[in-house]
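Asker: Chains as they are written, first to last, in this note's numbering: chain A, 425 to 802; chain B, 425 to 802; chain C, 425 to 802.
Keep in mind the hints are simulated off the structure, nothing from the lab. Do not rely on the hints blindly, as some may be mistaken.
Here are the simulated lysine-lysine pairs, BS3-like style, with alpha carbons at most 30 Å apart [said to hold, decoys possible]:
(1) B:K531 / C:K531
(2) B:K491 / C:K731
(3) C:K701 / A:K518
(4) A:K518 / C:K518
(5) A:K701 / A:K489
(6) C:K701 / B:K677
(7) B:K677 / C:K677
(8) A:K637 / A:K518
(9) C:K731 / C:K719
(10) B:K489 / B:K518
(11) A:K491 / B:K591
(12) B:K701 / B:K731
(13) A:K593 / C:K637
(14) C:K518 / B:K489
(15) C:K637 / C:K605
(16) B:K605 / C:K534
(17) C:K719 / B:K719
(18) B:K534 / A:K719
(19) C:K637 / C:K518
(20) A:K491 / C:K489
(21) B:K605 / C:K572
(22) A:K591 / C:K637
(23) A:K491 / B:K731
(24) C:K531 / C:K591
(25) A:K701 / A:K677
(26) C:K491 / A:K593
(27) C:K518 / B:K701
(28) A:K518 / C:K491
(29) C:K605 / C:K518
Stretch-level coverage of chain C by chain B, calculated; a stretch enters the list once three of its residues show a Cβ under 8 Å from a Cβ in chain B [said to hold, decoys possible]:
(30) 563–576
(31) 579–589
A virtual CB, placed ideally from N, CA and C, is assigned to each residue, including glycine.
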Amino acid sequence: QRNLVGSCKMVALCSYETTKLRDAIMLTCGLTAKISVVVFVVSLVMLWNRKYQQFDQVVSSVTAKVKGVAHMQLPGEGAVIWDEADYSGFLQDKNSFFVVTNIIMTKNQKQGRCPEVPRHHSDVSSRDCERGAWDQRSHGIQTGSCVKFDALARTCEVVGWCPVEAKNKPPRPALLASAEKFTVLIKNNIRFPAFNFIRRNILPEMTESYLRKCQHANDSLCPIFMLGDVVNRAGENFSTMAVEGGVIGIQIKWDCDLDHLTRRCLPAYSFRRLDQKESNKTLSPGFNFRFAKYKTVDGVEERTLYKAFGIRFDIMVFGQAGKFSFIQLIIYIGSTLSYYALTTVLLDWLIGTSCYAAEEGQNYSQRKVESIPDKKEV
Amino acid sequence: QRNLVGSCKMVALCSYETTKLRDAIMLTCGLTAKISVVVFVVSLVMLWNRKYQQFDQVVSSVTAKVKGVAHMQLPGEGAVIWDEADYSGFLQDKNSFFVVTNIIMTKNQKQGRCPEVPRHHSDVSSRDCERGAWDQRSHGIQTGSCVKFDALARTCEVVGWCPVEAKNKPPRPALLASAEKFTVLIKNNIRFPAFNFIRRNILPEMTESYLRKCQHANDSLCPIFMLGDVVNRAGENFSTMAVEGGVIGIQIKWDCDLDHLTRRCLPAYSFRRLDQKESNKTLSPGFNFRFAKYKTVDGVEERTLYKAFGIRFDIMVFGQAGKFSFIQLIIYIGSTLSYYALTTVLLDWLIGTSCYAAEEGQNYSQRKVESIPDKKEV
Amino acid sequence: QRNLVGSCKMVALCSYETTKLRDAIMLTCGLTAKISVVVFVVSLVMLWNRKYQQFDQVVSSVTAKVKGVAHMQLPGEGAVIWDEADYSGFLQDKNSFFVVTNIIMTKNQKQGRCPEVPRHHSDVSSRDCERGAWDQRSHGIQTGSCVKFDALARTCEVVGWCPVEAKNKPPRPALLASAEKFTVLIKNNIRFPAFNFIRRNILPEMTESYLRKCQHANDSLCPIFMLGDVVNRAGENFSTMAVEGGVIGIQIKWDCDLDHLTRRCLPAYSFRRLDQKESNKTLSPGFNFRFAKYKTVDGVEERTLYKAFGIRFDIMVFGQAGKFSFIQLIIYIGSTLSYYALTTVLLDWLIGTSCYAAEEGQNYSQRKVESIPDKKEV
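Pulled out of the complex, with its shape left as it was, chain A reads as follows (with noise of 0.2 Å):
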């Protein structure tokens, strides 16, 4: 009795392991859901960041062609008709063309002395001349002599290109703002070079015809844009824009998943104004740059000094394309698996023993089922 009791408890202890291990073939069963969960989830985020995917930026080429005529009424000048050659002419960048909108024009400027432009305080004595003197508002060097500018100011006298420039604020309405119904052609051609994929924006299918008559602001592919559409589709108005110039960006995004028809690479344009808008507080608002056209007249060079005010239109080329790549899938399944490994190994090794040592208790309970019968006997 005594050593049944013994006996018992024996066999107490031993059923009691077999729970437990039973007990942790459950919580193994428990992880393996849990381990089923994390690895579905990776594989969710895998798909949904195309971690399956090479990815390569795009390289791209960009030309532009800006058609027009305008005329304009040049002050002193009578009207004249402006085409592409008058008003971006040299202007060509690689990403970005330009367009004249508003001229301020000084004609028949000589090597010379002549007063230069009263400022704020138009009382000028020769104290205020000095030899030599110029700043950022000079139109050339003075030559320290105070001198007549009109019937109601005196302004120091200066060497340089004369008369000097004297109109400081742009033509209200612009010159050129009827360039808000110029055209420009943007011809955008991508390269993704780790798939050696070649696109451009002009696609297979727009025939000659369809370019002559689309235009952006109906045909979201058409490479043809009115100036004045790009403009209010960044937010602005042309005329009042055309007065001190600007810069619009044009932002073409090629967002490309090559392992889809490769039809669906297309462009998507997208239109923002860059630089600040016309404020008073600015100085130097807009955009505007001097330029001149030299001519020599009885052996004397003059020029014709050009500050020109206009848009700049900056192109601006973004993307990338995604494309299947076994060794990218691969390298991503083996740097994910390098930080699961020793955890899979672990687990390999606990499941492995607790299934072996719940395999065991179940033999060794079989056992002392066998031998309990054996102390019955006894």
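Following the hints, position chains B and C against chain A.
Answerer: This is chains B and C only, laid out in the frame that chain A set:
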């Protein structure tokens, strides 16, 4: 005897425990081997990806200088010689240069009224001419009149620069096809700011006499390129491309491993046509733009209009440099370890425990062995 | 007694088990501490790398406006005053501006025949002149004749723009060395598209009167730079560099932490010479290009050829902004947790098990304690 049976069972249980723990130790050893493999693989990946290096992107500065003179047979002008001031001139850009290869010249244009050039449908009556109208292909603004263009055709009268540009198709062969023989010296200075590493594509060992004679076609490091070679290497034919113009990309790739001798940090050049090849299907194929030279004749402004076809060469510099960085190595190892940390902690504990247990098991079985004779004694 | 011994051994075993489990609990506690450390370190790394932030690269727009007038003593021309239309003019580029600092002028060139300039080996006979030949340094195409260049030298006759450019070396000191005093106003508008955050380098608090007076040399936020200062800050001497020209980089760096006050998002300017310094070893050092002004004299086209040496200022804008992003934080935590997931699961299980075991162990030993008196009774 009953006790003995109980004791024997006890011993069996204990020796079983011992075996299990020894197995566990064996498993642990296998685990250690597996961990070694994982660490080895991770190290290999690290070496292969140069994870021990800090990387930096190239900051590049490019200047290009075209040289060459060409004989050009201008229609109705006779032979002229053009040099770089004529065919490149103001068309300076930061990372590209342009060479005029073909010209449509319209001389002595003045502001005035003249007939527009006929289009497809040459028969035009006054009803088709709308005062103030113009479209993308107009050379001026319509006056509303319909006038005689030549013996055959009548067209709308326009106000603008007259006479209007009559030719539409560029001359074949290209007027400046001999630009094929022009050479360009590309100076590319690069910098990797993070390493304060400066390099240029004109290598220190390149003497002036070497640079006078070398050609990229014969020596892949020579920074002097014959335009024809560049176009050929891009898979195009210069004289064909010269007719309508186009865009060629000159890619310079710097891939530097600064842990090796820096002499190995060399530029690799490649060439590629960036725009679409000339095709009849495309509106405005190739690359051209208009500019004008202005003059005043008897007080009236005249201009010579040039429709310049040409090849724009875009120089694109890519590159990165890697350099051993102790901090980078530490960060990499750290970031890896942070993932392994818990695992390792766990592992230590588990191995520690099982060893402890195994040790204990051995002690325990030894104690057992001690106790068994004890029982035997009894 | 035998039973008692057996029972005692049983108790010893059980109390040993209990001890082991308690040790395990202690170990678990140590583990918890280690985990806390790991979590703490990870959090620190996260904070330090601003992993809780979403980052975006800068989109930038730059305009530059040079101001200044300079006295230039042209050889054989007398003094002239140049202003920005003369020295910058058409040389507008998106992210750079150019200032002419030195000039080789060749006046009144006409198409014709004239002797080439002599090279190193001045003695040339007709045998050396090949009809139609030219090389990189030619000013025209050889006619095959050998003609007198001056009293000393004979050279090959060329057809081209005559007379050919005779001078090779730029004047020293540079003709426009006084460009050192010119100022440039750089307007840089940036945007971080992801945050719709706009900023410009002309800060809201900068009034017009401030901008009239400020200089970058005195105030590191002033967007007005004296060219001489820029060149000095790049470690160069303006008057030396002006002779042969060069390229200077103006770097504007925006590194913005938008979680702080946005007022702290300020531009940092730095300057650097981008090309190789003037050296005798190098072919065509510095930076120069040729352009021409054309005119018609008595029906014949003439040009004035300018070989313009100058400094090109490349404005390079770098930058990124970070902003707290809940999603980013979640993603970061998520990605970290995905690695920890299994570990944690395991951990829970293990700690859970050992606690459970420990608890069980305690219950078990309590049961033991109960059972021992039981035995004692026996």
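Asker: Would you pick out the hints that fail for this structure and give their numbers low to high?
Answerer: Nothing - there is no hint that the structure violates, so all of them hold.
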